[in-house]
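Peer 1: Those protein sequence lines, which keep their order, are chains X and E. According to this note's numbering, the first sequence is numbered sequentially starting from 129. According to this note's numbering, the second sequence is numbered sequentially starting from 50.
Keep in mind the hints are simulated off the structure, nothing from the lab. Check each hint, because a few of them may be wrong.
Said to hold, decoys possible - Derived DSS-like pairs (lysine-lysine); straight-line CA-CA distance at most 27 Å:
no., chain 1, residue 1, chain 2, residue 2
1, E, 64, E, 242
2, E, 326, E, 342
3, E, 428, E, 326
4, E, 110, X, 393
5, E, 110, E, 204
6, E, 299, E, 204
7, E, 242, E, 204
8, E, 446, X, 386
9, E, 446, X, 389
10, X, 393, E, 242
11, E, 299, E, 342
12, E, 171, E, 326
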Amino acid sequence: MAALTEEQSILKDQASSWVESQLPVQKFRDFRNSNSDGGFDPEAWSAIVEMGWTGILVPENYGGSDLGYLTFGLILEQLGRQLCASPLFASAYVGATAINLGGNEEQKQSWLPKIVDGSEILTLAVDEQSRHNRDQVQTTATATDQGYELNGAKTFVLEGMSATTFVVAAKTDAGDIALFLVPADSAGLSRQGMSTVDSRDYARLTLSGVEVGQGALLGAMQGSQLYGRVLDRASAGIAMEMLGVGCYAFEMTLDYLKTRKQFGKVIGSFQALGHRAAELYSSQEMARSCAEAGVTAIDQGADDEAAMSAISKAKTGEFLFDMSNQLIQIHGGIGMTDEFDAGLYLKRARVLETTYGNQAQHRDRYASLLGF
Amino acid sequence: MENASELDVFRRDVKAWVQNNFPSSLAGQDLAGLAGGESGARANDEVKTAMETWRQRLAEKGWGAPTWPVEYGGAGLSHPEANVIGEEIFQAGAYNPIPHMTGMGVTMVGPTLLEYGTDEQKAQHLKGIASGEIRWCLGLSEPNAGSDLASLSTKAEDKGDYFALNGQKIWTSGAHISQWCGALVRTDSNAGKRDGISFVMLPMQQEGVETRPIRLISGVSPFCETYFSDARAEKGDLLGNLNDGWSVVKRLLQHERQSQTGGQGASMLDSEPLHVKAQRFVGSDEDGALVDKDLRQRLVRNYMDATAHRLTAERITAEAAGRVEVSAAASILKNSNTRVAQTKAELALEIMGSQGIGWSGDDFAEEELGIVREWLAGKAMSIYGGSYEVQNNIISKNVLGLPETTQKG
Ligand SMILES: Cc1cc2nc3c(=O)[nH]c(=O)nc-3n(C[C@H](O)[C@H](O)[C@H](O)COP(=O)(O)OP(=O)(O)OC[C@H]3O[C@@H](n4cnc5c(N)ncnc54)[C@H](O)[C@@H]3O)c2cc1C
Chain X
129 MAALTEEQSI LKDQASSWVE SQLPVQKFRD FRNSNSDGGF DPEAWSAIVE MGWTGILVPE
189 NYGGSDLGYL TFGLILEQLG RQLCASPLFA SAYVGATAIN LGGNEEQKQS WLPKIVDGSE
249 ILTLAVDEQS RHNRDQVQTT ATATDQGYEL NGAKTFVLEG MSATTFVVAA KTDAGDIALF
309 LVPADSAGLS RQGMSTVDSR DYARLTLSGV EVGQGALLGA MQGSQLYGRV LDRASAGIAM
369 EMLGVGCYAF EMTLDYLKTR KQFGKVIGSF QALGHRAAEL YSSQEMARSC AEAGVTAIDQ
429 GADDEAAMSA ISKAKTGEFL FDMSNQLIQI HGGIGMTDEF DAGLYLKRAR VLETTYGNQA
489 QHRDRYASLL GF
Chain E
50 MENASELDVF RRDVKAWVQN NFPSSLAGQD LAGLAGGESG ARANDEVKTA METWRQRLAE
110 KGWGAPTWPV EYGGAGLSHP EANVIGEEIF QAGAYNPIPH MTGMGVTMVG PTLLEYGTDE
170 QKAQHLKGIA SGEIRWCLGL SEPNAGSDLA SLSTKAEDKG DYFALNGQKI WTSGAHISQW
230 CGALVRTDSN AGKRDGISFV MLPMQQEGVE TRPIRLISGV SPFCETYFSD ARAEKGDLLG
290 NLNDGWSVVK RLLQHERQSQ TGGQGASMLD SEPLHVKAQR FVGSDEDGAL VDKDLRQRLV
350 RNYMDATAHR LTAERITAEA AGRVEVSAAA SILKNSNTRV AQTKAELALE IMGSQGIGWS
410 GDDFAEEELG IVREWLAGKA MSIYGGSYEV QNNIISKNVL GLPETTQKG
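Given only the sequences and the hints, what does the whole structure look like? Please build it.
Peer 2: Below, the structure written as structure tokens:
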């Protein structure tokens with residue numbers, strides 16, 4: 129654990145006890161089994177808004193607490209541990225980041241307070257094909273007299289069916305990739321839910337001749353800069369959630385190693401499994417350092433923010449990939465049953481792995497950033 | 050922990066001191082090699098004199114062992130301050146030869162003496178270590194007692210005012226050039242495996258001690274077989290209680306593990322970043338990416354692993370607010386440091402192709418030959434100080450609380 133300020137420790141503890149008592153993974157399972165619409169429990173979301181987590185990245189004069197990325201990450205980690213589903217990350221982390229970095233004063237005033245009070249749910253619409261590739265955006269935003277006209281299609285949009293506003297990445301006339309705020313009820317925009325292994329809310333979007341005003345463009349940064357920065361920060365945030373998912377999977381596994389008996393002794397006394405646990409634990413420690421460093425680099429405005437985000441996503445990815453597989457393997461047959469939670473963690477792990485680029489893609493990005 | 054600004058002031062002073070006191074004639078020399086004793090003997094007189102001046106200056110400041118009390122030759126500094134000294138010396142392209150010149154003295158024997166030694170023992174031994182004048186070796190391993198160290202059989206017999214040692218030690222690093230040895234010996238053959246062991250200190254220049262250097266795969270002979278035939282260790286040189294040597298050595302090995310968790314050593318592998326070496330040997334495509342995409346991914350993995358290791362070491366220090374000397378995480382860090390270093394050497398060799406398999410001669414650059422030797426020498430990292438597997442035993446048992454079976458360690 130990073131050396132935390134008192135405020136961070138308090139929030140982290142609050143999140144941890146709230147998640148454990150109010151939103152254990154059983155809640156997610158119940159929700160999944162209920163086949164309700166949307167990807168999350170509305171009551172849990174109201175409670176999250178109530179606790180002020182939606183304002184962590186929002187400056188105080190727009191109604192937030194401005195506590196920063198590490199603090200937000202600590203909460204994402206806690207939510208990850210119990211697979212809590214909510215639009216917190218999509219809206220109050222990624223959405224708020226886009227507005228903070230790319231919005232003008234007017235945009236900040238009209239959007240940030242609504243992110244904080246939960247009346248708007250924002251989400252980034254980036255991917256257009258099955259593999260995330262930040263450079264391949266075909267969706268276009270053509271300048272018109274009133275503003276812009278957007279045409280294209282998006283896939284794998286997080287919280288896509290519950291979002292009220294999409295932050296759409298689109299190619300401008302100048303060939304840059306810029307971000308546009310597009311209300312979900314815009315004429316010409318249609319969305320369709322996708323059924324994914326992790327039972328969360330994802331959607332496919334079609335934009336045909338969607339008209340938005342001048343105020344839709346987040347234009348505070350030149351060229352494609354904003355788009356890249358938002359994706360980097362989003363990756364660092366996902367890494368914190370992944371850390372939480374993996375740490376909980378590790379704890380479940382360690383517990384089983386100490387209690388399950390075969391051949392007259394607990395299975396954790398077999399050296400092959402003891403060493404595997406030691407390797408997973410070491411990998412977890414490395415992942416924690418990298419994930420925390422990723423969000424800390426953002427708070428510090430570090431020069432290597434982009435590189436650190438790539439490291440955080442790749443290294444937590446490495447840990448969670450192995451951990452989620454070993455979670456099943458070490459539990460044996462019971463790990464394969466739907467009734468047991470291991471499967472939920474494995475499924476969520478793989479979805480997070482593909483979100484905003486997998487390990488190999490982040491390594492590729494890191495090499496490019498270093499110039500080789 | 051000191052607040053940052055005090056530490057910054059301290060750093061400025063250290064930087065200035067190093068600038069004023071590091072002999073310019075030593076810049077660019079293989080200082081680690083010189084301090085190691087082997088190439089030190091071959092160095093010319095001017096370099097030797099400069100090295101001696103530099104050692105004396107560091108010793109006067111107590112910077113050979115900065116965290117030790119001043120009365121024992123240290124500088125009484127905190128760990129963050131000691132880290133600053135290390136960083137500034139490294140930054141200046143200099144090298145602190147004292148830890149190296151004392152063999153196992155600064156990193157292992159000294160810290161253990163500070164905890165277990167009597168006042169007389171501390172007064173007798175510590176200054177010589179902190180100043181870099183007395184080199185220590187450790188006679189722990191035996192031909193039949195490696196990872197299972199407690200099965201050792203070298204005996205020490207009580208002869209009234211001294212112990213007589215008989216038996217064979219092996220892999221004793223620096224035994225042939227050391228003045229003192231810390232030896233683990235059996236003092237009660239009837240007691241349980243770990244209960245009849247004691248830790249004694251003895252001078253190496255005596256009739257009953259014989260050393261035979263062993264050649265390593267890297268070509269050098271930094272360690273020996275050490276034979277004791279009625280070798281003499283004074284009663285006053287028993288460290289800790291009689292038959293309680295196992296506690297002493299456990300602590301000593303923790304210090305060893307801690308000293309092997311990373312940090313700056315002069316290395317040929319660092320003379321050029323691996324990706325630059327790869328650009329030179331492997332080549333890049335029109336986008337500037339290495340043409341070998343698989344190598345490129347593995348290079349990044351190694352870079353990221355190195356960063357993860359560094360961040361974890363920093364995180365653990367920060368969490369402990371600079372206090373811990375020996376942390377439970379040392380096994381994790383020793384293994385990650387080993388993995389990063391060994392992989393890095395393998396990558397360097399792969400990148401250099403046939404220039405990475407030279408042994409000697411003009412067909413190969415000095416740097417290329419140096420990397421090959423480092424690659425070979427580095428294979429020891431996962432064997433000494435508790436092997437890679439033994440560290441995993443320690444993690445599973447002591448950190449994770451899993452039961453022990455046959456996996457002692
Ligand atoms: C360069 C170098 C310098 C050294 N310097 C010194 C020195 O100065 N003083 C000194 O006393 N010693 C020194 N050593 C010795 C070192 O401490 C031993 O080599 C080490 O303890 C391993 O013992 P061993 O070589 O007998 O291997 P073994 O213990 O026989 O191990 C063989 C293999 O079995 C594995 N193994 C053993 N036990 C277990 C277990 N319980 N579970 C799983 N796997 C296991 C090991 O990991 C290893 O892979 C040095 C060694 C090297 C290579």
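Peer 1: Each of the hints needs a verdict: does it hold here or not?
Peer 2: Going down the list of hints, with the structure as the test:
{"no.": "1", "hint": "E/64 to E/242", "result": "violated, 50 Å"}
{"no.": "2", "hint": "E/326 to E/342", "result": "holds, 15 Å"}
{"no.": "3", "hint": "E/428 to E/326", "result": "holds, 22 Å"}
{"no.": "4", "hint": "E/110 to X/393", "result": "violated, 57 Å"}
{"no.": "5", "hint": "E/110 to E/204", "result": "violated, 41 Å"}
{"no.": "6", "hint": "E/299 to E/204", "result": "holds, 19 Å"}
{"no.": "7", "hint": "E/242 to E/204", "result": "holds, 13 Å"}
{"no.": "8", "hint": "E/446 to X/386", "result": "holds, 11 Å"}
{"no.": "9", "hint": "E/446 to X/389", "result": "holds, 17 Å"}
{"no.": "10", "hint": "X/393 to E/242", "result": "holds, 25 Å"}
{"no.": "11", "hint": "E/299 to E/342", "result": "violated, 45 Å"}
{"no.": "12", "hint": "E/171 to E/326", "result": "violated, 48 Å"}
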